[in-house]
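Protein chains in written order, with our numbering: chain Z, 1 to 267; chain R, 1 to 227.
Hints are not guaranteed to be accurate.
As the list claims (entries may be wrong) - Derived coverage of chain Z by chain R (criterion: at least 3 residues anywhere in the stretch with Cβ under 8 angstroms from a Cβ of chain R; other residues may be distant):
#, stretch
1, 144 to 155
2, 212 to 221
Claimed, not checked - Here are some of the chain R residues that sit facing chain Z, going by a computed Cβ distance under 8 angstroms:
#, residue
3, L52
4, Y72
5, R77
6, N78
7, E82
8, L85
9, D89
10, F90
11, L93
12, K99
13, P101
14, P127
15, Q143
Hint data in this document are derived by calculation from the structure and do not stem from the laboratory. Even for Gly, the Cβ is constructed at its ideal location relative to N, Cα and C.
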Amino acid sequence: MFSFEFMQNAYLAGTLIAIVSGMMGVFVVARNMPFMTHTLSEIGFAGAAFGIFIGWTPLNGMLAFTTVSSIMVGELSGAVESRRESVISAISGLFIGLGILFLSLSQKNSSYATNILFGSVIGISRQDVIQMAALSILVLVVLLLIFRNLKDDSFDPVGAQTNHIYRNIISIIFLIMLAFNVSVAAQIVGSLLIFVLLTLPASSAKYFAHTVLQMMALAVGFALFGVWVGLYLGYLTNWPVTFFISSIEAAIYGISLFYNFIRSKSK
Amino acid sequence: MSDTLISVEDLSLSFPNHPVLSGLSFQVNRGDFLGVIGENGIGKTTLVRVILGQLHPSAGKVVIKDGVRIGYVPQFRNIDVEYPLAIKDFVALNFTGLKLPWLSKKERTRVHQVIHQVGLEHIADRPLGLASGGEKQKAYLAQALINHPDLLILDESTASLDPNTKKELLDVVFRLNKTTGLTILFVSHDMQMIHEYPDHYLWLKKGHYESGPIEDLHNENKEGQYV
């Protein structure tokens, strides 16, 4: 399997993405931002389409769109709860519409849309892998640098408010890192299924862990398991890798919910 | 001469069409255990927020002595019970200053110390979400102590607790006050607790206030108790 360069590339990229997504996912879940993340990734779809339209790589188009909009979208997290969902729907709709427009203008066939929306492993070149690796490492380093303050702000927002940490700056840095994370993860699982790596592993890990570090380790483990097994099964069956990864992550989440149910019953 | 940590001078604060505090003056000296009492909505939390610098007074001022560190236990917390945040990790969240991604040896020792001070060492590794109401308040207290504060502000920390748990928590605070000289500002609408623990009181009423040593409150109380 590893004699094919595209499989090597897929495993390299997939491994890095799983590690970064598992770790970032813990904060996405703690900050209650799964839908925000999903919106970001739909904006990424428009970005990728725009990239194709003007002759960039989809990844670069996606990075440009998500980074700029991450800050604007993040401001919404403070908005009134009831309005927030509607605003997010409007933004998602607008950007998916834009994405379709750019694709149509660029006169590419619909397989491009499929690739961006649902991911594609075959299309990843060595150069893409290098760029994705660089971005992933950047996200990891920044995450490490702001780790303690981010933890404070994410798990105990009320306490953090009185703690003289620069919450706005932490929040903006986190959103930009999230934009990078979404952009690279979408290359594998597609921008429609960003949940699969950024939310599900961390949400599952929540039920088994006793500390934040354990939760991160488990989330990374679940993400890696899904990506590795998914890629292998995709290779064996020629079915879409995204299907396998999302099924595996959903199954892990189902099991963890069941585990939590049994545990709370037995108390 | 007493060492004044906080001096509130003729403080007034109004929200639009709604005066909250007016002409309030008092001092908090090192080692004091001040009980701030008043009905709900009278401006107790507002006063705390002015002291913390989160709200600006409409008139008057709050002078905090240079270098005084304030530990604060907020009234409301927003913590998901499902998060796997161990009590010792929760306590460590509050460290200020330059932070490595992991806890230094000195920080770990300090976490150990404060957890011991509030008496939670037996459940330090357990998730905060699974702790009882009293244990949670003790964990919040430990977190507020982590940076060696000179002054500790407790905002309605006993509000949701049953009488025994209330006493248990305030016994810890009282012991800290007596043994380490930690200055306490205890905000509550619970007249009984205010009678029992603080040595001074500040009673916020509509448009005015009373303050003095706690004995005055004992005497006045014969006239009637509103709680």
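Task: Hint check against the structure, violated hint numbers in rising order - done: none
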